[in-house]
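Visitor: Sequence:
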Amino acid sequence: MPRFNPAIVLESLSRFPITVFCSPPTAYRMFVQHKLSSYTFRSLRHCVSAGEPINPEVMEKWKAQTGLDIYEGYGQTETVLICGNSKGMKIKRGSMGRPSPWYDVKIIDETSNILPPGKEGDIAIRVKPTRSPFLFTCYADDPEKTEATIRGDFYVTGDRGIMDEDGYFWFVGRADDVINSAGYRIGPFEVESALVEHPAVVESAVVSSPDPIRGEVVKAFVVLRSEYASHDPEKMMKELQDHVKKVTAPYKYPRKIEFVQQLPKTVSGKIRRNELRQKEWRKD
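All residue numbers for the sequence shown refer to the numbering used here, where the first residue is -17 and numbers rise by one.
Derived from the structure by calculation, the hints contain no laboratory data.
Keep in mind that this is a model prediction, so the values were computed, not measured.
Heads up, the beta-carbon is just placed ideally off N, CA and C, and yes, glycines get one too.
It cannot be assumed that every hint is accurate.
[Unchecked claim] Each computed EDC-like pair below joins lysine to aspartate or glutamate, with the alpha-carbon atoms no more than 20 Å apart:
(1) K252 - E102
(2) K265 - D159
(3) K228 - E209
(4) K72 - E147
(5) K101 - E129
(6) K127 - D148
(7) K265 - E147
(8) K88 - D146
(9) K127 - E60
(10) K74 - E147
(11) K74 - E39
(12) K17 - E34
(13) K74 - E34
(14) K238 - D214
(15) K74 - E60
(16) K261 - E221
(17) K101 - D141
(18) K227 - E209
(19) K88 - E102
(20) K43 - E216
[Unchecked claim] With beta-carbon atoms standing in for the labels, derived distance ranges:
(21) K110 - Q243: 21 to 31 Å
(22) I132 - S68: 23 to 33 Å
(23) I132 - E(-7): 15 to 25 Å
(24) R254 - A164: 43 to 53 Å
(25) P194 - V242: 23 to 33 Å
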């Protein structure tokens, strides 16, 4: 399979009359490492990110260098679009936007109680008394799996999130990706975004790693920019750890960091965090 080449894509966006561009966050992360002022996107009007959350720092860099916003959406095969940032709507960078009009989306707890703004919980769609026709009917020949998605009056997406006072939804992580370290629940996306803010980091993936004292700790797999690849690994690790402590809650910093050439991804460009997590826990 041909390797993704960001320079070729950027040249195509500049050369051809492409008006709408949709790509996974990985591509945008690679784009902002280039000198975007070298390209003129005469036709490009609407940029969309899909597949997994896009870091707000990447959105800011893209906007600063191209003048274009990146519109993010959130959905599943079972639901299509749950939330999104529509044209003309205020974009809160890092947010998935507001619910689609055909869904009543809430943040709920383990007993299906609706949580107030600012509280982390499970992202869920109301299915009782009325189930949206846009939601899937069932998993074929698997009634148990279908039933497992229902909690009280809600379909549970399997993702954790927060709703703010303005009704915007913020992604925390897949329920099984959230790290429980010494009683603290840590969403990997926030740590990844903090790492990407550092000029040495191209991209990162954060997973849980076993620890005899804390049960789990935060581990980051980090891809460095080429000019930083030869730096002393121990010093770079300490620098990144200190950086995360400054930009987010100190307890969320990655106690383990592994520098890698690239991150495992799906064909569509999503980072395969599950593969990295399984690798970590098999070591123990």
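Visitor: Taking the hints in turn, state whether each one holds.
Guide: Results for each hint:
1. Of the supplied pair hints, the one linking K252 and E102 is violated, its CA atoms being roughly 24 Å apart against a limit of 20 Å.
2. A distance of roughly 18 Å separates the Cα atoms of K265 and D159; the hinted pair therefore holds under the 20 Å criterion.
3. Between the alpha carbons of K228 and E209 the distance comes to roughly 23 Å, so the proposed pair goes past 20 Å and is violated.
4. The suggested pairing of K72 with E147 holds, with an alpha-carbon distance near 14 Å, which does not exceed 20 Å.
5. Of the supplied pair hints, the one linking K101 and E129 is violated, its CA atoms being roughly 26 Å apart against a limit of 20 Å.
6. For the proposed pair K127 and D148, the alpha carbon gap of about 34 Å is over 20 Å, so the pair is violated.
7. Restraint check for K265 and E147: not satisfied, since their Cα atoms lie roughly 42 Å apart, outside the 20 Å limit.
8. For the hint pairing K88 with D146, the CA-to-CA distance comes to about 11 Å; that is within 20 Å, so the pair holds.
9. Taking the CA atoms of K127 and E60, the gap is near 13 Å; set against the 20 Å cutoff, the hint holds.
10. Restraint check for K74 and E147: the C-alpha separation of about 12 Å stays at or below 20 Å, so the hint holds.
11. A distance of roughly 12 Å separates the Cα atoms of K74 and E39; the hinted pair therefore holds under the 20 Å criterion.
12. The straight-line distance between the Cα atoms of K17 and E34 is roughly 25 Å, outside the 20 Å bound, and the hint therefore fails.
13. Annotation: proposed proximity of K74 to E34 holds, straight-line Cα distance about 16 Å (limit 20 Å).
14. Proposed proximity of K238 and D214 is supported: the alpha carbons are some 16 Å apart, at most 20 Å.
15. Pair hint K74 plus E60 does not hold up; C-alpha atoms about 26 Å apart against a cutoff of 20 Å.
16. A hinted pair counts as satisfied when its Cα atoms are at most 20 Å apart, and K261 with E221 does not qualify at roughly 25 Å.
17. For a cut-off of 20 Å, the pair hint linking K101 to D141 stands: about 14 Å separates their Cα positions.
18. This hinted pair does not check out: K227 and E209 have alpha carbons roughly 24 Å apart, beyond 20 Å.
19. Annotation: proposed proximity of K88 to E102 holds, straight-line Cα distance about 11 Å (limit 20 Å).
20. For the suggested pair K43 and E216, the alpha carbons sit about 28 Å apart, so the restraint of at most 20 Å is broken.
21. At about 49 Å, the CB distance of K110 to Q243 disagrees with the hint of 21 to 31 Å.
22. The supplied range of 23 to 33 Å is met by I132 and S68, whose beta-carbon atoms lie about 29 Å from each other.
23. For I132 and E(-7), the hinted distance range of 15 to 25 Å is not satisfied, since their beta carbons lie about 48 Å from each other.
24. The hinted range of 43 to 53 Å is not satisfied by R254 and A164, whose Cβ atoms lie roughly 27 Å apart.
25. Checking the proposed 23 to 33 Å range against P194 and V242 shows it holds: the Cβ atoms sit about 25 Å from each other.
Going through the hint list in order, the structure does not satisfy hints 1, 3, 5, 6, 7, 12, 15, 16, 18, 20, 21, 23, 24.
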